[in-house]
Amino acid sequence: MVNESDVRRIAELADVGIPAEVLPTFTAQFNRILEYFDILDTLGDECTAKRPLHTVLREDVVSPSLPQEAVLANAAEDEDGFVKAPRVM
Amino acid sequence: MDDRFNAYLLRSDVPGRRSGPLAGRTVAIKDNISTAGMETTCGSRILKGYVPPYDAHVVSLLRDAGATINGKTNMDEFGRGTTTENSGFGPTLNPVDTTRVPGGSSGGSAAAVAAGLAEMALGTDTGGSIRCPAAFCGIVGFKPTYGRVSRYGLVAYANSLETIGPMGRTVGDISALLRVISRPDPRDSTMQGLPYEHDPVPSVRGRTIGVPAEFFGEGVDPRVAAKVRDSIETLAACGAKVVPVSMPTMKFALAAYYITCTSEASSNLARYDGVRFGPGAEVQRSWHDAFTAVRAEHFGEEVRRRILLGTFALSAGYYGRYYGKAQTARAQVAADFERLFRSVDLLAGPTMPTVAFRLGELADPLSMYLADILTVPANLAGVPAISVPCGSVDGLPVGLQLMGRPFDDETVIDAAAAFEAEVTA
Numbered sequence: 008m009v010n011e012s013d014v015r016r017i018a019e020l021a022d023v024g025i026p027a028e029v030l031p032t033f034t035a036q037f038n039r040i041l042e043y044f045d046i047l048d049t050l051g052d053e054c055t056a057k058r059p060l061h062t063v064l065r066e067d068v069v070s071p072s073l074p075q076e077a078v079l080a081n082a083a084e085d086e087d088g089f090v091k092a093p094r095v096m
Numbered sequence: 162m163d164d165r166f167n168a169y170l171l172r173s174d175v176p177g178r179r180s181g182p183l184a185g186r187t188v189a190i191k192d193n194i195s196t197a198g199m200e201t202t203c204g205s206r207i208l209k210g211y212v213p214p215y216d217a218h219v220v221s222l223l224r225d226a227g228a229t230i231n232g233k234t235n236m237d238e239f240g241r242g243t244t245t246e247n248s249g250f251g252p253t254l255n256p257v258d259t260t261r262v263p264g265g266s267s268g269g270s271a272a273a274v275a276a277g278l279a280e281m282a283l284g285t286d287t288g289g290s291i292r293c294p295a296a297f298c299g300i301v302g303f304k305p306t307y308g309r310v311s312r313y314g315l316v317a318y319a320n321s322l323e324t325i326g327p328m329g330r331t332v333g334d335i336s337a338l339l340r341v342i343s344r345p346d347p348r349d350s351t352m353q354g355l356p357y358e359h360d361p362v363p364s365v366r367g368r369t370i371g372v373p374a375e376f377f378g379e380g381v382d383p384r385v386a387a388k389v390r391d392s393i394e395t396l397a398a399c400g401a402k403v404v405p406v407s408m409p410t411m412k413f414a415l416a417a418y419y420i421t422c423t424s425e426a427s428s429n430l431a432r433y434d435g436v437r438f439g440p441g442a443e444v445q446r447s448w449h450d451a452f453t454a455v456r457a458e459h460f461g462e463e464v465r466r467r468i469l470l471g472t473f474a475l476s477a478g479y480y481g482r483y484y485g486k487a488q489t490a491r492a493q494v495a496a497d498f499e500r501l502f503r504s505v506d507l508l509a510g511p512t513m514p515t516v517a518f519r520l521g522e523l524a525d526p527l528s529m530y531l532a533d534i535l536t537v538p539a540n541l542a543g544v545p546a547i548s549v550p551c552g553s554v555d556g557l558p559v560g561l562q563l564m565g566r567p568f569d570d571e572t573v574i575d576a577a578a579a580f581e582a583e584v585t586a
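Taken in order, these protein sequences are the chains called A and B.
Count along the first sequence from 1, add 7, and you get the number used in this note's numbering.
Count along the second sequence from 1, add 161, and you get the number used in this note's numbering.
The following block holds chain B by itself, in its conformation from the complex (with noise of 0.2 Å):
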């Protein structure tokens, strides 16, 4: 396998079961999901040569599917970016073009799908991370409802938005994908026993489709706005009802989920001290010096920078102004979702407010944080949302992202299978 991409951190070739819905097919799988025998990093050298002693429930089902897992892929340190350059093993290249990056934080998984290396993967999804590469590297990538997938296995990083999520170049594959790894699961309390149990059915007539002002809002690019308003008169031409909605509680969504998300992670993450796994610290030396040490060698600058973003959203004297109030707005943005969804079934933007961006364009935090504005919402209110390619900036990928009641997964994937099939006839 020629990976000019640095799309994988480990490479394998193991064949699951000779029969099963999957027997034969390749799938790569993100680096923060446990595979037994087979290192699993996170893409952060705090983890270097952890190898866990048992596998993820949704690689159990994999293997038991007849799926080959060939590697583990390239991503942002324990997830925490936008565009696969905060790994601890170095970028992920864009296939469609190798000075742009693939997006993130699963970007080696949609760079593996994208040049052919693997038929499908699995990426994980906490504020946008399988949506973004798929829009970015011109694949299909779908975050299901939260609660629908066991997290049991997935290195932890913001318990209460992520989701493992299947990638691959065609709706029909992402919908294979699901129905194998949506298998119930008692050791993930989270999660609802709802099995996605469904054959795509390429249509949307009848239904409507919701079109928020604010997902075409400042910093969108209008030739990216135009792609996906495109798309949309699709979608209408095949039957469906289009009507323009307001989002208003969109302009909280970001701030509201930067503070979840990196309290969550100030929290998983001090399980990191390099004592039960990882690079060992000293024992000679006291717990505090040994801890300080171990991660502030091991860490890189972005996972450091959320942590004490979280350490000090959760700090005595800052809780009320910063997690509480992030608790409130992310209530309300769920309160929205839920309002828009009484008078529409889907709703409708674009997945990224721009094509790829150039290898080290988004140097600024902040900046970073902002290309997330159109994922977040549907990690913050649980509902499944899917990113499916519909055309091209500049011959860069733009993605049409589709959002759905929470456990209404089949209906937003009936919907991109219809635009699917409608661009490809």
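Extracted from the complex, chain A is given alone in its bound form (with noise of 0.2 Å):
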């Protein structure tokens, strides 16, 4: 079970927000979920399968990229060749 707080915390943490009315509403339907979640309590450890994928590697070589204008276009403020973002100090 979570609570207000925690789930406040949560928001926080993912930085998505999460306005003070829709609190007790949003709470109430995460902690449906995982109450339903806990049906994997029920669980037995052994586990076995292996997926048929395999890797793929390939060698590390410099290919063609984007310009830097078409990077660019779809940033809201560019700057000297740059993409201009808020302050991270």
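Quick caveat, the hints were computed from the structure, so don't treat them as lab data.
In this text, all values refer to a predicted model and were calculated from it rather than measured experimentally.
Among these hints, one or two may not hold up.
From the structure, some residues in chain B lie toward chain A, with a derived Cβ separation under 7 Å [to be verified]:
{"id": "1", "residue": "L469"}
{"id": "2", "residue": "F473"}
{"id": "3", "residue": "R503"}
Ideal Cβ positions, reconstructed from N, Cα and C, are used throughout, including at glycine.
Dock chain to chain to rebuild the complex, using the hints, since each chain is given by itself in its own frame.
Here's what the structure looks like:
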């Protein structure tokens, strides 16, 4: 079970924001979903399946990439060929 | 084009090459698949105005094959939903009955095909997002084996589960589309380089079809179950051997799926900060404040819920209880499929437990998640699965689901073709 302050804390960690007025509903829904996940507490440990896939490796070589202008075209703000972002510090 | 179902987010008329296997045929593309020069929003307001500078591999292949791309289709925001009501741009309506949802998340693609606005469409399937709307709209939808179609240019939601796949009115059409889109691509490292080069052979003679009891359990509408059982009898009459089987790990599948997909989504969606694409963040504010403000304003409620669930499942102190256990459960589901496919060639059951819901009917998130119970097992195990129309209940379409061995997509398509030939004869 989680409480409203747990949900608020997770929302802060995930940077999604959660308005105070929906917090009680969100918390109640969250708990119903977590309760459903409790089925996994009845799971045994045995687990032997392997997926029929293998990792595809390649040489690390330079290949053509998108032109800088094409990449910057979708940025709201850019400066001197770079994307302008909010300050981190 | 009269799109009264809100199937499309963007309409276009971009012809491909003049020759090729799909020359002159129209294909609609789900809006989470990148199209160079055409807005691609994933049904989210946070990507409003985003125009990809490159084509997804499948889109390049369609253009080369001569297909006319006639638009981008509506979807639940970033694929999070089973109804297409969670789109940032309004719900899509089911062309069979406009008071009903088309299913989701590829609801726009299914509605476009069902309404005759496109001959075929591409969808994506992470937990049933091709098969569910195909069943609800009365068309054919196919989730290929994971690793058979390149995901390059697909906007990621849950990488280990999702595949691009074909939707159409006939099994022949989805087979033709799969032939085009399954060409190898070194840019997707999970691609196995096994292109589908098959022409459907409408036959199930000599095949063994397992019918898991769990696919007809609690929550499955008995009228839907009866239609599907009749359809399996039809396959038996066509020469298949039908045997009852059991899939005990089904009870873990939905929890394993939702924990895995929300965890992967919480990581994938971290990139939407409004800075490199999207609405723009206030550069004067601190990073976290600016980031939170953009995401709170532009992400819908279901997307935020899934990011929160995934962040929680991966957080210190809970990782072992949720994410860790979900991976064990996932491996057990895959092992169950492997065991069953030693004695059967195909598994059959309903695609969805019910017919299409009324708009607004699934207001509670958990009841929407429960509707995915019959489709998520195939994604957890990566196996191919098709939904083919098999009649109706109260005038609403029902889908028969057939699943096969990994990379044996051909047998699944042959069986669906046999069923289709028998019921349309």
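Structure-based check of each hint:
1. L469: Interface hint status for L469(B): holds (5 Å vs cutoff 7 Å).
2. F473: For F473(B), the interface hint holds, since the closest Cβ of chain A sits about 5 Å away, which is under 7 Å.
3. R503: violated, 13 Å
When held up to the earlier numbered hints, the structure conflicts with hint 3 and nothing else.
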